[in-house]
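Colleague: Sequence:
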Amino acid sequence: MKILHSWLKEFADFGDDIDALAERITELGLAVESVEHVGTPVKGVVTAQVLRLEKHPDAAKVTRVYVDAGDGVERHVWCGATNMQAGDIVPLATLGTNMPDGRVITQRGILGIDSEGMLCSGTEIGLSSDGSGLLILPKGTALGRDVYEALGVDSDVVFDLDVTRNRPDCTGYLGVARDVAAGMGKSLTLPKIDQSETGKSLSVPVAISAPERCSRFAVRVMSGISITQSPDWIARRLARAGMRSINNVVDVSNLVNLELNQPNHAYDFEAVRDGFIVRLANEGERFTTLDAVERTLSAGDLLICNAQDKPVGIAGIMGGLDSEVTDVTTSIAVEIAFFEPDAVRATSTRHALRTEASLRFERGVDPYGADFAFARFAELLRITCPNLVVHAGATDARTDALPKQVRTTQVRLNTIKRVLGIDVTAKGLEDVIAPIGFTIAKSATDGSVVVGIPSWRNDCSSEIDIVEEVARHYGYDNLGKIVPTSPVHGRLSDVQKRRRLLREIVVSLGASEAMPNPFLAPGELIKVGLSEDNALRLANPLVAEESVLRTSLLPGMLKSIAYNQSHRIRDISLFEIGHVYPQGTEILPDEFESLCIMVAGADASIAMDMWSQVSAGLGIGAQLAQDQPPTGYHATRSAQLKRGKAVLGAVGE
11 MKILHSWLKE FADFGDDIDA LAERITELGL AVESVEHVGT PVKGVVTAQV LRLEKHPDAA
71 KVTRVYVDAG DGVERHVWCG ATNMQAGDIV PLATLGTNMP DGRVITQRGI LGIDSEGMLC
131 SGTEIGLSSD GSGLLILPKG TALGRDVYEA LGVDSDVVFD LDVTRNRPDC TGYLGVARDV
191 AAGMGKSLTL PKIDQSETGK SLSVPVAISA PERCSRFAVR VMSGISITQS PDWIARRLAR
251 AGMRSINNVV DVSNLVNLEL NQPNHAYDFE AVRDGFIVRL ANEGERFTTL DAVERTLSAG
311 DLLICNAQDK PVGIAGIMGG LDSEVTDVTT SIAVEIAFFE PDAVRATSTR HALRTEASLR
371 FERGVDPYGA DFAFARFAEL LRITCPNLVV HAGATDARTD ALPKQVRTTQ VRLNTIKRVL
431 GIDVTAKGLE DVIAPIGFTI AKSATDGSVV VGIPSWRNDC SSEIDIVEEV ARHYGYDNLG
491 KIVPTSPVHG RLSDVQKRRR LLREIVVSLG ASEAMPNPFL APGELIKVGL SEDNALRLAN
551 PLVAEESVLR TSLLPGMLKS IAYNQSHRIR DISLFEIGHV YPQGTEILPD EFESLCIMVA
611 GADASIAMDM WSQVSAGLGI GAQLAQDQPP TGYHATRSAQ LKRGKAVLGA VGE
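Residue numbers (this note's numbering): 11 to 663.
Just so you know, these hints were derived from the structure itself, not from any lab. Heads up, some of the hints might be wrong.
[Claimed, not checked] With a Cα cut of at most 25 Å, we get these calculated DSS-like pairs of lysine-lysine:
#	residue 1	residue 2
1	K12	K196
2	K19	K149
3	K452	K427
4	K437	K452
5	K569	K537
6	K452	K414
7	K427	K437
8	K12	K202
9	K652	K507
10	K19	K202
11	K53	K149
12	K196	K437
Please model the complete structure; the sequences and the hints are all you need to start from.
Modeller: Right, dumping it as structure tokens:
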């Protein structure tokens with residue numbers, strides 16, 4: 011996730027020591043992968059006005075553009091862009107300018123006509139993410155000025171954070187700022203909001219027919235909207251965060267998402283004023299998303315529909331074309347919901363559709379952050395819509411599946427000492443965890459406390475999670491003053507011991523260990539005489555050749571033998587100890603370990619001898635049964651391995 015230093019500083023006084031800040035963020039578990047300085051002025055890029063344009067008959071893909079950089083000198087520049095016209099003010103990189111990509115602007119010619127500079131897009135000079143054409147500057151911009159000074163652009167620093175899946179709160183600025191402020195002993199300042207309702211009651215009915223999948227769906231109506239472009243600072247802030255400016259409403263929606271980790275969606279009110287229906291899709295139902303792609307839905311996908319049951323969005327992922335905000339929109343319905351994370355992840359994976367919203371929903375957002383997010387949305391929208399009306403009567407549909415607002419867990423202070431090696435009192439624990447939103451709900455006389463977990467921390471549920479928070483904010487470098495003691499010495503489990511013994515026995519027989527891919531192509535199980543009926547198939551495989559989970563080690567081992575023989579290794583003995591995954595009777599598949607030894611260039615007697623030594627070494631009591639040949643084996647040179655009526659395996663050719 012990209013975090014702007016200037017934006018982060020709006021939450022707390024983090025100072026300007028970039029290296030120290032990056033180090034502290036990393037120490038808190040939010041690894042800083044890179045630090046990029048952006049908006050640093052490119053010396054030599056000035057404002058210039060387009061005087062006229064000419065097309066050359068022998069250069070169809072470029073235009074001759076004549077510009078004035080404020081000194082009265084007419085300059086000629088070749089340009090491949092097409093979005094400029096006479097009178098536009100554009101950035102001109104003058105001769106000798108060192109561009110951010112390493113190029114140096116020199117006097118180069120086309121058809122024998124020199125170009126006296128280069129006209130720039132916003133991307134080329136780090137001012138926007140739109141590189142489709144020239145950056146057109148506001149009319150009235152003074153000519154000949156440094157373009158960065160003319161636009162009032164400040165330099166900034168972008169931290170690229172590797173946010174792990176167990177910290178969903180840190181996919182928003184507020185979560186990162188809360189953690190870092192606590193870690194640096196700074197006071198946290200929440201974003202400015204105004205929760206006043208200034209208009210008559212307007213409610214949008216909501217019906218939730220899939221209560222386990224959508225446990226909260228809140229809608230607030232706002233009017234007095236005028237669709238326009240966002241101020242430069244908003245567009246620039248989004249661009250530096252990796253997002254494109256669309257219009258003032260969509261940009262505010264994205265800002266709230268990034269700032270508060272609260273995905274939201276703004277609908278044209280007229281398209282949804284009769285209400286919303288939240289339901290599961292019908293198998294094969296089609297829906298066109300905002301990216302103009304028609305998608306075929308599955309029964310497991312959750313849809314947001316209008317009152318006529320027409321889909322207007324895939325819940326938690328992307329809206330539809332028919333209800334989006336347009337240039338004539340004057341009223342909007344802002345939706346903030348809580349969708350079941352695993353289901354959002356499944357739908358997103360199934361359709362290969364990852365969005366900023368799905369990234370957050372599938373990790374888990376704050377189920378109780380809607381009211382603050384609505385107020386922040388209105389506060390930001392008033393910047394471009396001074397006549398904004400926030401209507402009373404907001405809808406807030408909830409189901410019994412909504413997580414509790416405050417969860418608690420018991421924490422024993424001696425557990426903290428045992429795990430971390432530090433002595434902590436109840437007051438000391440509160441001092442550490444209170445700045446990140448946790449509370450001490452109750453203290454007991456037995457040396458334990460009841461800790462209240464905030465709603466935005468769905469990754470915390472047990473005692474050890476609180477111990478981890480203490481470790482992060484106490485400081486890993488400060489731990490270990492007292493060496494923790496463990497009542498149990500490290501040792502191998504019985505299963506690990508038997509696995510090691512088995513591996514040693516098979517290696518002593520001259521076999522080499524193979525590690526085939528557990529994913530198979532359709533039909534590979536059938537080739538070795540096994541059914542695919544109980545095999546699991548991946549819903550969204552990377553390649554079709556790896557779409558089936560193995561129910562036997564045989565296909566992979568045969569491929570390994572064939573590979574070696576194709577490289578002229580004729581006599582080879584391989585084995586694998588690996589997991590197989592047959593379909594079980596429950597929701598989840600079965601999973602167990604299996605052994606396969608395969609010898610090329612040998613007969614059944616070698617296989618029998620190997621089995622005898624393996625069974626003797628492990629003490630396995632199994633009988634050979636030839637009444638029913640194993641599937642895929644020679645009819646008379648093979649046998650099943652049985653213990654009573656249970657079939658343990660097979661041996662033979």
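Colleague: All the hints need checking, so say for each whether the structure fits it.
Modeller: Results for each hint:
Our distance criterion of 25 Å between C-alpha atoms is met by K12 and K196, whose separation comes to about 22 Å. In summary, the hint linking K19 to K149 is not supported, as the alpha carbons are separated by about 32 Å, beyond the 25 Å threshold. The hinted pair formed by K452 and K427 meets the criterion: a straight-line CA distance of about 20 Å does not exceed 25 Å. Proximity of K437 to K452 is assessed by CA-CA distance (about 11 Å); at most 25 Å being required, the pair is judged to hold.
Simply put, K569 and K537 have alpha-carbon atoms about 11 Å apart, close enough for the 25 Å limit, and the pair holds. The hinted pair formed by K452 and K414 meets the criterion: a straight-line CA distance of about 18 Å does not exceed 25 Å. Proposed proximity of K427 and K437 is supported: the alpha carbons are some 15 Å apart, at most 25 Å. About 22 Å separates the Cα atoms of K12 and K202, which keeps this hinted pair within 25 Å; it holds.
For the hint pairing K652 with K507, the CA-to-CA distance comes to about 24 Å; that is within 25 Å, so the pair holds. Our distance criterion of 25 Å between C-alpha atoms is met by K19 and K202, whose separation comes to about 14 Å. Taking the CA atoms of K53 and K149, the gap is near 22 Å; set against the 25 Å cutoff, the hint holds. The hinted pair formed by K196 and K437 meets the criterion: a straight-line CA distance of about 19 Å does not exceed 25 Å.
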